[in-house]
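Asker: Heads up: the sequence lines are chains A and B, in that order.
Counting with this note's numbering, you get residues 6 to 540 for the letters of the first sequence.
Counting with this note's numbering, you get residues 3 to 316 for the letters of the second sequence.
Calculated from the structure, these hints are not laboratory results.
Accuracy of the hints is not assured; some may be wrong.
[What the hints assert, rightly or not] The calculated lysine-lysine pairs, modelled on DSS-like cross-linking and capped at a C-alpha distance of 30 Å, are:
no., chain 1, residue 1, chain 2, residue 2
1, B, K107, B, K231
2, B, K107, B, K260
3, B, K231, B, K203
4, A, K194, B, K57
5, A, K493, B, K57
6, B, K260, B, K203
7, B, K57, A, K523
8, A, K342, B, K231
9, B, K57, A, K538
10, B, K95, B, K203
11, B, K57, B, K138
12, B, K95, B, K231
13, A, K342, A, K284
14, B, K260, B, K208
15, B, K57, A, K533
16, B, K231, B, K208
17, B, K95, B, K57
18, B, K232, B, K138
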Amino acid sequence: MGTYSERNYLNTPTGIKSWLFTLDHKRIGLMYLFAIMTFLFVGGMIALVIRLELLNPGPDIVAADIYNRLFTLHGAIMIFLFIIPSIPAALGNILLPLMIGAKDVALPRLNLLSWYVFVAGACIAMYSIISGGVDTGWTFYTPYSSTTDSAVISMTFGAFVLGFSSIFTGINFIVTVHKLRMPGMTWFKMPLMVWGLYATAVIQILATPVLAITLVLLILERTWSIGIFDPMMGGDPVLFQHFFWFYSHPAVYIMILPGMGIISELITTFSKKKIFGYKAIAFSSLGIAFLSFMVWGHHMFTSGQSEFSSMIFSVITFLVGIPSGIKIFNWLATMYKGRITFETPMLYALIFLFTFSIGGLTGMFLGSIATDIHLHDTYFVVAHFHYVMMGGTVMAFLGGLHYWWPKIWGRMYNETHGRISAILVFVGFNMTFIPQFILGSQGMPRRYYMYVERFHTLNIVSTVGSWILAAGFFLMLYYLVISLFNGKPAGNNPWGSLGLEWSTPSPIPPENFDDDLKFEHGPYDYDKVIAEKTI
Amino acid sequence: MDTNKTLMLPGAKSTIAGDVDSLFNFILYTTGAIFILVVVVMMYFAIRYRQRSGKAEVTSGRDYNHVLEVIWTVIPSILVMVVFFWGFKVYMKMNIIPRDAIEIKVTGQKWFWTFDYDEGINIVNELVIPVDTPVKLLMSSQDVIHSFFVPSFRTKMDVLPNRYSLLWFESTEVGEYDLFCTEYCGKGHSEMIGKVRVLPKVEYEKWLVESAVEDTTTPLAELGEQLFKKKACFTCHSIDGSRLVGPSFKGIFGNPVKHNDGTTATVDENYIRESLLDPQAKVVDGFAPVMPTYQGQLTDREIDGIAAFIKTLK
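Okay, chain A solo, but in the shape it has when bound (with noise of 0.2 Å):
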């Protein structure tokens, strides 16, 4: 049986003010953690009242211009506020310096700061709501947003703050890992979840700073008339959508890198096997972090820009794609010959390779600047990203999170309710998004409040769908929040892993390892070391 560490980072210290003027990497790790779990119930309940509008082809629940609202406000949720966030700045905080042997990230005033600045920024754009809501989508296109009577400014502004908070933990997490790695972890030892943390840091920042432009343009545009984006005012709308893809093209990458970077901890403690091909994977997420400033364009090939510039940008989008696939066949082949276990966070891996290999292989349909004049808009795109983003950054990251739940609270949720859960949001997630495949290239384009009858029967299979992924969500929620009063105590290492985080005790303790830690074996050594399991 596993201990629970008694004098750990959740109790020393004590006090409401340690807590919000903490320094303590894993403290501010847990506050964003709870930051972007609101996110994410509110962004979810969000979800569902849209699936619940479109069960029937007419209006039912909401009006149309609330509808607008709420996908405008899901999207721009789950995006700013979850996804973005979900894996750096939450489990990213807490592990990353337990990874590389540190007692903190480099800069833990800075770390503090991007959590207020989050704040801040979450706040200025929830303000929208109360100040009748944004009606432009998650992308803001002009001229409609520049023309449009709803609260623009706040949410746009707050997109804005909260780059800045994104910048902060990029610029931490790469002086992090230059400076504070322990003597022995080399480039080439660091687990694959820090290259991910890296490749995602350099990404945020050199991308951030181009949303933020774009953004204060708009927000400029609309307060003083300066004509940037609005042809009436002598402005190019089309401009914007250049703008706003070369970041947010990029930011697809700054949600999935991490993501990978979970998926190659998992795939190995579970199969107990070394890493297969360490430096392909962790080179493609930097060959991905490259190329993926190069293909904003494929978001734009019905916009009216050149050919010429659809033909280099389709060519370039389809390079970016080899990398993510050379990790799959990698992830697979460790498997090969290992000693595989199935718990909570092994089943969110496998289903990760399954939804995000579908995610992946869909993008060729619209890579392919034919098929995608067809696709283009249309509901294959709502389900294509999905895929991406949600068959694979929020799988990695509920992979993460059962993975090293025990770590942070030092306790053990219940197994059978995890693996139930798993299994009920895999049923509910492709239910949900295949029929939208579907309904995409029979030509339903998305940002629809009603439809045409002949889409009628695969939207109801889809909003029924939603309601068995909710299902799983609000069984996760039981019996993780249970897990914290009556959970089994974990002991340092309830998984047998041989990460550096597993070698100290559950919960952290607050000053992370002893001063007498070594680098013995690298964090995929199974065919040297054994750990023992401590549940």
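Put chain B on the given structure of chain A with help from the hints.
Answerer: Only chain B this time, still in chain A's reference frame:
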């Protein structure tokens, strides 16, 4: 639902649709095969190498195989390049407009489509074209970005406010096809739906001649009712008193309305005329000033007709 040799696509009714579908199906089957391969290997490994005994042992340390890495990098690379070239080739075909294409001007605005023909015809939400003839659309928007999408033709193009965009297609079968707006444009986005009516060439010529002549025989109120549907007034105005984007027409004639600047006026023929030609001059209290002008799109007799129609809505 008529499907055409494919699992997922609607019927192919234009000259390029077949090319797009061939590529779509090629991607569908190859990616389907890759996906099945990944899942089968994953499940095989998961079952074959599941932990069987409680005894912990070290596992194989083989962590790299040069040949494998090359294989699974090169084969997908070749595949994606094939798809890229194929997609680009079909795209070029979509973009080269035949010289003999007939040209129709398309205007998108919140939330309807207007089609202007060289013959002086102007219709809303219904594009009438001849079969087996290339048609070129010269498109622009009056307000925000819209997008012109006909699923059966596999074609789509954004309609922008500050420049013209071009789109062409050649339909291969007589019939009626859905026309959707696919760029989000606000409250009425999902109602910005029209039809493409493809006629046999002879009937198309007949239609052109008939439509170009101004209707002077239909009684005014009836003409107004036709226009109410044809010009898509119903998207924003109800005739049963229910509230849509704009005020309902039911019982407004002869009665006073309050404006957003505090003034009031009685709805009469002149009021209706002004509202059609200069909609922002008087905006009814509680509604947004979003109505587009119909200056140049309605003849005097048609305006008379609309006024007569509204008069009948007690």
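Asker: Each hint: holds or not?
Answerer: Each hint, compared with the structure:
{"no.": "1", "hint": "K107(B) to K231(B)", "result": "holds (21 Å)"}
{"no.": "2", "hint": "K107(B) to K260(B)", "result": "violated (37 Å)"}
{"no.": "3", "hint": "K231(B) to K203(B)", "result": "holds (26 Å)"}
{"no.": "4", "hint": "K194(A) to K57(B)", "result": "holds (28 Å)"}
{"no.": "5", "hint": "K493(A) to K57(B)", "result": "holds (23 Å)"}
{"no.": "6", "hint": "K260(B) to K203(B)", "result": "violated (51 Å)"}
{"no.": "7", "hint": "K57(B) to K523(A)", "result": "holds (27 Å)"}
{"no.": "8", "hint": "K342(A) to K231(B)", "result": "violated (69 Å)"}
{"no.": "9", "hint": "K57(B) to K538(A)", "result": "holds (11 Å)"}
{"no.": "10", "hint": "K95(B) to K203(B)", "result": "holds (24 Å)"}
{"no.": "11", "hint": "K57(B) to K138(B)", "result": "violated (73 Å)"}
{"no.": "12", "hint": "K95(B) to K231(B)", "result": "violated (37 Å)"}
{"no.": "13", "hint": "K342(A) to K284(A)", "result": "holds (20 Å)"}
{"no.": "14", "hint": "K260(B) to K208(B)", "result": "violated (46 Å)"}
{"no.": "15", "hint": "K57(B) to K533(A)", "result": "holds (15 Å)"}
{"no.": "16", "hint": "K231(B) to K208(B)", "result": "holds (22 Å)"}
{"no.": "17", "hint": "K95(B) to K57(B)", "result": "violated (64 Å)"}
{"no.": "18", "hint": "K232(B) to K138(B)", "result": "holds (23 Å)"}
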